[in-house]
Amino acid sequence: MNSELYQFSTLTVVLLLLAFYGGTYLLTLSIRKKKEDADAFMVSNHRVGFGMGAASMTATWIWAASFYAAATSGYTYGVSGPIHYGLWGALMILFIYPFGRRFRALAPNAHTLGELIHARHGSSSQLILALSNVLGSVISLMVNFTAAGALVAVLSPLSFQAGVIIAGAGVLFYTLWSGFRASVLTDFAQLVALMAIAIVIIPAVFFAMGGPSELVAGMGNLTAEQTNFFSMDAILNQGAPFFVAVLAYAIGNQTISQRLFAVNEAHIKPTFLTATVGYGAIVIGLGMIGLMALTLGVQPIDGNMNNLIPQMVSSYLPPLFIGLFFILVIGSLSSTADSDLSALSAIMMADVYGKNLARGKADPRRMLLVGRLTMIVATVVGIIFASFSLDILVMLVFVGALWGAIVFPVIASCFWNRVTNQAFTTSVLVAMVLFCAARFELLPLTGGSGLFFELLASVGGGVIIGLMVFGFLGRTAGFIAAAIALVAMLIFATGFLRDYTVLLASLTAYGASTVVCVVMSLISRQPDFDFATIGERVGDYDATEPSESYGETVPGAAKLAPQR
Amino acid sequence: MTALYGFYVLIWPALTLAVLVVICRAVLRDHRKAKEERRELV
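Residue numbers (this note's numbering), protein chains in the order written: chain A, 19 to 582; chain B, 281 to 322.
Hints were generated in silico from the structure; no laboratory data involved. Just so it is clear, CB atoms sit at the ideal spot from N, CA and C, and this is done for glycine as well. Just to be clear, a hint being listed does not mean it is correct.
Computed footprint of chain A on chain B, listed as stretches where at least three residues anywhere in the stretch have a Cβ under 8 angstroms from a Cβ of chain A [said to hold, decoys possible]:
{"#": "1", "region": "286-295"}
{"#": "2", "region": "300-309"}
{"#": "3", "region": "315-321"}
Construct the complete structure from the given sequences, taking the supplied hints into account.
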C-alpha cells in the first residue's frame, strides 16, 4: 500500500480543470438566449422531461462529501456502513415526492416553496423558510468549494486556495447567464461522466485488490460489530441521525423544490424514483471502497478519512484512473454548487424581490439582475468562507434544527386548511428555543425537565414516522403509524433518550413545532383557508397577456391575485 | 460467502449502469419530442 498519494503536475491539473469547466461552459452556449426570461432562469419552462429531471436531481443530490462520507462510513462501521449512509440519503429524495406532487398541484407555476407558503400564510412564514433555504445553500456552496480546494491540494502542487477559487469561478462562469437552465443541462452531462466513472472505478479497485476472495479473507480484520449487517452501532450512530433528517433535508432544500416545480408534472414520480435509485447506487457503491480498505487493513494517510478513496485508487490503479477520480469529484461538487447558485438566485428573485420588495409588481428584467448579482455575491461569500476554513459546525447545528422545526408546519399548511400564519411562525420559533435548551443543555436533562424533553421528542418521533406513512398511504395510515411510533417512543425512549443529546434535541424540534402548530391552529377563530386561491396568487413573472382595458401587454405577475 | 460478498459489492455499479441507460434513453426521447414540438430541451 502506498504511503503517499499520486501527484499530478500543476500543468496537468490546470488542463483537467480547464477541460472540465471550459467544456461545461461550451455546453451552456447551446441553450443561450439573447434575451433570457426570469421564469426560465428560475425553473426553465415547468416542463423539463423525465430524463433531464432525473439526471439533474441525482447530480444535485450527490456532492463531493457523499463519496468521502460513504467511504468513511464503510471504513468505520464495516459491512452495513455504506448502506447506512447512502440509503437514507436516497430516501430523502423518495420521501419528498408525494408531498412534492401536492405542492405542485397547489401552485403549478411556483418557482420556490417559499412562494407557496407566502400565498398560504404571508411574509413571516415565507421568510423563515427562505432563510433556512439560504443558510443551507450557502453552507453547501462552502463545503463544495472546500472539497475542491482539498482535492487540488492533495493531488497537485497547487494550493488549497487556488482550488477553491478555480472551482468557484468555474461554476459561476457557466451558470451566470442561463441560471437554472444551465444547471439542468450541465447536470446531465456531469452525471453521465460521474456514473460512467463510478461504473468503472468500483469494480476496477475491487478486482485489483484481489476480488471477492480477498475481501472475504480480510473479514478477519473486522470486529464483530463491523461484520454484522444489522450492527446496532451503525444503526444508532449513522443510520438513526440520518433517518431523523430525511424529511428535514428534503423540505429545507430549495434545490429539490426548484426541480419539483421545473419537472413536467406528469413525470414527478418516475423522476424522483429514478433519482433515488441512482443516488443510492452511486454513493453506496463508492462507499464499498471504504469497506475494501477496512478489510485490507489500510490506514488513511495522515489519519484523514477523506484520503481513503484517492489512496485506494492511487494504490491499485494506473494514473489515468486517478484523473478519472479527479473529474468524478469535481463533477459532483460542481453540479451541486451550480444548483445552489440557482436556488439562491431563485429565492432572492422570487421570495425576497418578487414577493416582498416588488409586492406583485415585479419587473422581470430587474429580477434577472437580482438573480445574477445573487450568484456573484454567493460565489464570493462561498469562496471566502471556504478559503478561511471557517468552523461551520454551529451554523450547521442551527440550520439542521430550523429544517426540523419547519417540516410539520410546511406540510400541514399544504394539507390542513386550519393552520394559520401565527401558528406557523410561533411554532417554529418555540421549537428553535426548545431545541437550543436541549442541545446546549441550558436546562438540566434530568428529572422533570428531562422527562419533558423526552415527551416532546417522542411526539417528534411519532410525527416523522406519521408524515412518512401519510405521504404514501394517506391520512388514516399516517395517524395509526404516528400513534404506534409515539407509544413505542414513550415506552423505550423515556429515561434513555436524554443520554443522546443530539438526537433528543433534533426530535424535540419536530415535536415542539407540531404541538404548538396544532394547538394554535385548533384554537384559532380564523376562517378555514381556501387552497384554490394559492394557484391564483402564484404565477409566472414573464407571461404577457393582453390587457382587458387597453389592449396592451402586462407582465404576468401584475395579473396575480393580491397577496395577503 | 465469496459469491455473496462479490455480489454485494458489484450490484451497485451494475445498478448505476442500469440507471444510466434509463436516463440516457429518456433524454434522447425528451430531445426528439422537444424537436418535434419546436421547443428547447430545458
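Okay, the hints, checked on the actual structure:
1. Only residues whose beta carbon comes within less than 8 angstroms of a beta carbon in chain A count, and the region 286-295 of chain B has 7; three or more means the coverage holds.
2. Residue count for the region 300-309 of chain B with a Cβ under 8 angstroms from a Cβ of chain A: 9. That meets the three needed, and the coverage hint holds.
3. Residues of the region 315-321 of chain B lying with their CB closer than 8 angstroms to a CB of chain A number 3, which satisfies the three-residue condition for coverage.
Consistency note: the structure conflicts with none of the earlier hints.
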